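Visitor: Listed below, chain by chain, are the residues.
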Amino acid sequence: MKGVLLKDLYIAKSNILVTVVSLVVLGFGLSFLLETSALLVLAPVAATTSVFISITSDAGSKWNKNVITMPVSRSQIIGEKFAFYIILAVLGIAAALIPCGILALFSFDITIGSLCLYGSIGLSTTLLAGSISLPCAYQFDAEKSQIVFMMSFMASTGIITALVLLTNLFIPVKDNILLAFHIILVIALITFFLSYRISVKVYQKSDIT
Amino acid sequence: MNNALTISGLTKTYKDFVLDKVSFTVPNGSIVGLIGENGAGKSTTINASLGLIQKEAGTVSILGRKELDNETKEQIGVVFDGSNYPEILSPAKLNRVMRNIYHTWDEQTYMRLLKNFSLPQDKQIKQFSKGMKMKLAISIALSHHSKLLILDEATSGLDPVVRDDILDMLLDFVQDEEHSILVSSHITSDLEKIADYIVFIHKGQVVFSKPKDELTEQYGIIKCGASQFDALDKSDIIMYRKMDYEWQILISGRDKMQKKYPKAMIIPATIDEIMLLYVKGEKQ
Chain A
4 MKGVLLKDLY
14 IAKSNILVTV
24 VSLVVLGFGL
34 SFLLETSALL
44 VLAPVAATTS
54 VFISITSDAG
64 SKWNKNVITM
74 PVSRSQIIGE
84 KFAFYIILAV
94 LGIAAALIPC
104 GILALFSFDI
114 TIGSLCLYGS
124 IGLSTTLLAG
134 SISLPCAYQF
144 DAEKSQIVFM
154 MSFMASTGII
164 TALVLLTNLF
174 IPVKDNILLA
184 FHIILVIALI
194 TFFLSYRISV
204 KVYQKSDIT
Chain B
362 MNNALTISGL
372 TKTYKDFVLD
382 KVSFTVPNGS
392 IVGLIGENGA
402 GKSTTINASL
412 GLIQKEAGTV
422 SILGRKELDN
432 ETKEQIGVVF
442 DGSNYPEILS
452 PAKLNRVMRN
462 IYHTWDEQTY
472 MRLLKNFSLP
482 QDKQIKQFSK
492 GMKMKLAISI
502 ALSHHSKLLI
512 LDEATSGLDP
522 VVRDDILDML
532 LDFVQDEEHS
542 ILVSSHITSD
552 LEKIADYIVF
562 IHKGQVVFSK
572 PKDELTEQYG
582 IIKCGASQFD
592 ALDKSDIIMY
602 RKMDYEWQIL
612 ISGRDKMQKK
622 YPKAMIIPAT
632 IDEIMLLYVK
642 GEKQ
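Respectively, the protein sequence lines represent chains A and B.
Count the first sequence with the numbering used here and you get residues 4 to 212, in order.
Count the second sequence with the numbering used here and you get residues 362 to 645, in order.
Since the hints were derived computationally from the structure, they do not count as laboratory data.
Quantities reported herein were computed from a predicted structural model and do not represent experimental measurements.
Beta carbons: idealized from backbone N, C-alpha and C, even for Gly.
Any given hint could be a false lead.
[Unchecked claim] Output of the computed footprint for chain B on chain A, the stretches with three or more beta carbons under 8 Å from beta carbons of chain B:
hint: 1; stretch: 58–67
hint: 2; stretch: 121–127
hint: 3; stretch: 185–196
hint: 4; stretch: 204–212
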């Protein structure tokens, strides 16, 4: 799996670099307009676009047909894409934390609480979107996958809104906002794991030509 | 003799095509050529053997193992039509990727092959010609101590010089008796040069699986007119085809037939002609 991950890093390298630099620059730029920690909502979403660059490249070169003949199992192929997605999401968060950390040193209003809240929202949105778009990337062609990828973020925002409303039935969200979004993050993590398991099962039976 | 690949009763059904109980073997130390027209089932056979598509029935044994696990895949080199490697990568980057995929990856062999084929290490694959891409794919297939090479239309679309380079490399590979090759190709002249056995697939079925020498030495074509055709013993005819001004009849046992029909003009049949007569001809 290490080799396949390395291949994806090579493919997405320039895109990852541009995203990380943009997030850092955007972080400083945003500080004059709104709370810099809000960048944590956008950062993992922006960073994970590189996964779809690698998926498009795989489809273009028919890499998936080739890699199955190598000592890499189908579950490892799927597992690598999901792992790559998580790595990029975490990298996005890390990139966004750079301006937040620096600005915090200069007494900008950045608290641990706001970082946790926006980080949870960003990661939840990204994981839920990935739960939808990653399995579809192995079922549809590259063009349809990109459409699904874009729509998955809208869908994940809708799901989060629904989860907030649902949580509000049991816990008043306004008073426990951090707890509510941590619950949503846990749900998103479970969904992402289930999506991975389902993708592996479906891919095991798929014909790759 | 042990077989590197044994395919038995391989079946796969599509809406408009059936791969019907395909069976043949690739003996150790040999080159087996898989021939057939477009859509005959060559790629389906290879894809099903490699686990790319789910087979409905039949068994595939590769290097003595019925299960295609990672350990077995370490010993198989596969080359498809097209390079199937991300075009943004260079051969040097692919080296680092493959080093982390194959436990048996041999960097020295890979670099030597790149040098032999005059492939630049740091140029992106997208800047390579088709011939260069195929050479790269073959270099990768040969750089992890493969015992079985499977090539699916790997030489199609290449110029004769590049094809000749690749054929030489394949012949060199089977000098080791533990090495074997299954190669599917439209270019039967290539297979005539290198193959030990020919497997002919037509409409999803194996028509024959024979040693190449038997085909080229035993099979012949009688070219004659209608009266001569009528005079032939019909049990001697494998396939026949009526052309504009003559009949072409595929027979086997050329010498025997020449004695039986001393006036007939019997010419040796090429693999191309045998395939054409089976595909376009009629059975008596």
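Visitor: Let me make sure I understand: some of the numbered hints might not hold for this structure. Which ones are they, in numerical order?
Guide: 2, 3
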